[in-house]
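*Asks:* Protein sequences appear in the order of chains H and D.
Numbers 0 to 295, taken from numbering that gives the first Met the number 0, label the letters of the first sequence in order.
Numbers 0 to 525, taken from numbering that gives the first Met the number 0, label the letters of the second sequence in order.
To be clear, the hints were calculated from the coordinates, so they are not data collected in a lab.
A few of these clues could be false.
Label-pair restraints from in silico Cβ distances [as the list claims (entries may be wrong)]:
id : chain 1 : residue 1 : chain 2 : residue 2 : range
1  : H       : Ser-269   : D       : Ala-339   : 37 to 43 Å
2  : H       : Glu-11    : D       : Val-18    : 55 to 61 Å
3  : H       : Asp-7     : D       : Arg-343   : 52 to 58 Å
25 Å max Cα-Cα, derived SDA-like pairs, lysine to any residue [said to hold, decoys possible]:
id : chain 1 : residue 1 : chain 2 : residue 2
4  : H       : Lys-259   : D       : Glu-37
5  : H       : Lys-259   : D       : Met-517
6  : D       : Lys-234   : H       : Asp-7
7  : D       : Lys-473   : H       : Lys-259
Partial pick of chain H residues on the chain D-facing surface, computed with a CB cut under 8 Å [said to hold, decoys possible]:
id : residue
8  : Gly-17
9  : His-18
10 : Ala-27
11 : Gly-215
12 : Asp-219
13 : Ile-247
The structure presented is a predicted model; accordingly, all values stated were derived computationally and were not measured.
Virtual Cβ for every residue (Gly too), placed ideally from N, Cα, C.
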Amino acid sequence: MFNTQVGDFSREEFMSSGHNACAGCGPALAVRFLMKAMGPRVVVVITASCWSIISGVVPLRSLETVVMHCPFPSAAATGSGVKKGLEALGDLQTQVVVLAGDGGTFDIGLQGLSGAAERNEDILFVCYDNEAYMNTGMQKSSATPYGSRSTTTPDPMLKTNPKKDIMKIMAAHRIPYAATATIAFPEDLISKFKRALETKGLRFLHLFTPCPQGWGSPTDKTVELSRLAVMTRLFPLIEVEDGEKYTINYLPEEHVPIEKYLNPQRRFRSLDQEEVALIQEQVNRDWEKMCKLTAQ
Amino acid sequence: MLYSNENKNFPPPISVETVSTRVNKTGLWRFLTPVRKEKISPCRSHCPLESGIPRWMNKVKEGNWEEAWQIMREYNPFPAIIGYVCYQFCVEKCSRALYDEPIAIGEVEKEIGLWRHKNYEHKNSIPEREKSKKVVIVGSGPAGLSCAFYLNMLGVSVTILEKLPVAGGLLATGIPEYRLPRDILKKELEILKAEGIVIKTDYEVGKDDLPNLQDNFDAVLLAVGAQESKPLRIKGEDLSGVTGGVEFLRDLHLGKLKEVEGRVIVIGGGNAAVDAACAAKRNGAEEVTLLYRRGEEEMPAHPHEIKAAVEAGVNFIFQTVVEEIIGESKVQKVRAGKTALSCRGEEINVLAGTEFYLDCNLIIAAAGQESKLSEVAPSFPGEPLIFAAGDAVSGPSTVAGAIFSGREAALNLFSMLEHGKESNESFQIASPLNGKEEIVSFESLNSTLYSRQKRFDQPQEEAGRCFNCGLCSKCGVCWIFCPDLSVDGLSGDFEFLLDYCKGCGICVTECPTGVLTMEEVVSDEA
Ligand SMILES: Cc1cc2nc3c(=O)[nH]c(=O)nc-3n(C[C@H](O)[C@H](O)[C@H](O)COP(=O)(O)OP(=O)(O)OC[C@H]3O[C@@H](n4cnc5c(N)ncnc54)[C@H](O)[C@@H]3O)c2cc1C
Ligand SMILES: Cc1ncc(C[n+]2csc(CCOP(=O)(O)OP(=O)(O)O)c2C)c(N)n1
Ligand code: SF4
Ligand SMILES: [Mg+2]
């Protein structure tokens, strides 16, 4: 009798063991859920990222479906093209899912994504956000949070800018469906994948996926950190329909202080109390703003 | 699946890798290995019966009452009785208490017992087999009844001899009826008889009878309880109007004493004293005063009992000892004195000049009980096939403690009588814990998977709140959260697929029951 975090899932898997993700990899788990929701009839377009590797290097594959790799900035464009190609072949059924990291979404892929969103291409764009360029050794991205260490913002020159609000950017494109989800809430996550698959036009999913390797967190805490991100209200689970209608899907029962989330991670190790308090204030402000948006 | 012919359009005409990553044995990366090892729940570690609470809770959760009973009886054959009378030490340690509210363990247990009562069909549930050994049990209290139940299940013929006209020991003549409805005890005795156990009441065993019993039976179990109230060793104790706590309650229950009149003084601070005080009040006493020699905090009676007594109108006077009972032929008053504050085990110091008198018509001395075991069996211990169990050995304890002791005695007796012989495979009897087992801490659970939720009235729902500490409840959380698909979700047992497990430990951290640990496992392959 768990609460709504863990649901009743099909035991069928469309991803294989033996993939090359690090131990405790959040993105690997997220895509396992994604595949559960989608089933095999899908083309997955993967841009340069950890997932380029996790999906298998030649001649291996870890996803039991068709995978297409594409150049770094072109994820959304490639996805759009594949969808058009399938339609031209008379296949109106097969879904196209674009899988990109935060670098491939927030930074280098943003213009392609913006174009596809404006054209309302019929693709599902999934951004798994591990908050840095992990595959090349943890350079900061515009998804890296304030106060985080990375190889391009080393101690003591920690990242001074806040994380880019990608959901607002996508909402501003007035796409039919955008949602956030994370691995500690698989029931919510899978239902959002399913909802996205039932929607036509450009759908965007922002997945919060802890990376123990980059974040310097114990490998066993990946799911816990994902849960704490939601419980501390740092990462609200939301849905945005047509760029306007905001819904918060999970209201944390109590206030969990942000330290609980920050402390297990080495990337935040140098933060002092004052900075932590600043982060807490920012979280509170963002949450309030989010609540106002949903109230409209 | 990928290249199915059903969808002629799929896959689209592009090249596809065909070799599964399963050729990569990523298990070789592992330093630590998840291991599923059942541990002891805190509730179990505090239960006098060492009852496998999470196990039967799990069955009630599923609505499987039959299996819940099958598990229950490995530890406790009388869950309805225990559900009513036990002080529930388990609940004090329930991990759920650290989250919202402890599980109503006794209530669920009682329901299993009541289910059994309702569903017991009057046919022997034990497979027919020749009973070659015969055991006689002296005393029909919970210790004797429990031993009888288990021996009978093990295929031993059992006869119980009880000196009183009613069976049940203190369940019948000590514990007040409002705490244990007597039809519950009656039903339990009825079932035991239907299962083939012979109970002879009005049969007192004296020390001269013992050789005879030894001749006629293969072994003897003495479960005679500890039912002699200890003497006060003060002047006036022999006056009429002075009785013991257990004796007083027994007379009331047997109908020898119909009514209590006037002012009653109860001496003692244990459950027997409190029960006697309540019973006196309920049966007509004008005023009941309980005198306890130490402070309130030291009172050995259970807090619930004390509360109930206060509600029933019993007066409590603490730090007071009775030094003399005064009267002509019958008691009239007592001379008492105040004592210095002391802890249990410490000496009592009466304060000079604090002497006072209290009038009374009846004095109930309930300051401890002794057993007559040595009178019934002067040679015990010493003879190989004479065993003893329950309060007779431990001194006054609890019903749960007595049932446990009877269970242990049955196991010992059986292995003595039938050594080498396999016990009946169709059921198990729990062996005692050794005290070295690992107890699950609240921290090793993953309580975050549960919503905060106070108690339910409905037992099945309530059982659903149980964290199942230390027991795999087959919830599949380890399987759900594995990034490496290294937990077999198809078999239902969620076995680890160690060829691929990278040892991240997410399953261990996420497991709600704390049954998993990361361990250094040296494998042959490595
Ligand atoms: C007033 C009172 C209230 C209590 N309330 C609770 C409670 O709420 N919860 C709880 O857990 N515990 C309670 N206890 C403790 C509990 O009742 C005892 O620990 C338990 O009953 C002991 O079981 P037993 O089988 O060892 O002995 P008993 O229950 O004392 O049974 C011994 C039996 O042996 C019989 N017997 C003795 N000598 C002979 C003989 N020579 N020949 C034949 N038969 C003989 C006696 O008549 C008796 O029937 C209470 C005790 C008292 C006194
Ligand atoms: C145009 C281009 N620039 C740089 C790279 C090198 N590169 C490969 S993966 C990667 C990091 C991707 O980061 P992100 O999108 O966040 O995914 P992650 O690795 O974190 O999963 C980079 C910089 C590239 N492949 N192509
Ligand atoms: S670097 Fe991080 S995201 Fe990439 S495979 Fe390793 S754990 Fe996963
Ligand atoms: Mg990244």
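*Asks:* It remains to establish, for every hint, whether it holds in the given structure.
*Replies:* Tested hints:
no.: 1; hint: Ser-269(H) x Ala-339(D): 37 to 43 Å; result: violated, 60 Å
no.: 2; hint: Glu-11(H) x Val-18(D): 55 to 61 Å; result: violated, 21 Å
no.: 3; hint: Asp-7(H) x Arg-343(D): 52 to 58 Å; result: holds, 53 Å
no.: 4; hint: Lys-259(H) x Glu-37(D); result: violated, 30 Å
no.: 5; hint: Lys-259(H) x Met-517(D); result: holds, 23 Å
no.: 6; hint: Lys-234(D) x Asp-7(H); result: violated, 74 Å
no.: 7; hint: Lys-473(D) x Lys-259(H); result: violated, 29 Å
no.: 8; hint: Gly-17; result: holds, 4 Å
no.: 9; hint: His-18; result: holds, 5 Å
no.: 10; hint: Ala-27; result: holds, 4 Å
no.: 11; hint: Gly-215; result: violated, 15 Å
no.: 12; hint: Asp-219; result: holds, 3 Å
no.: 13; hint: Ile-247; result: violated, 17 Å
Hint check: violations occur at hints 1, 2, 4, 6, 7, 11 and 13; the rest are consistent with the structure.
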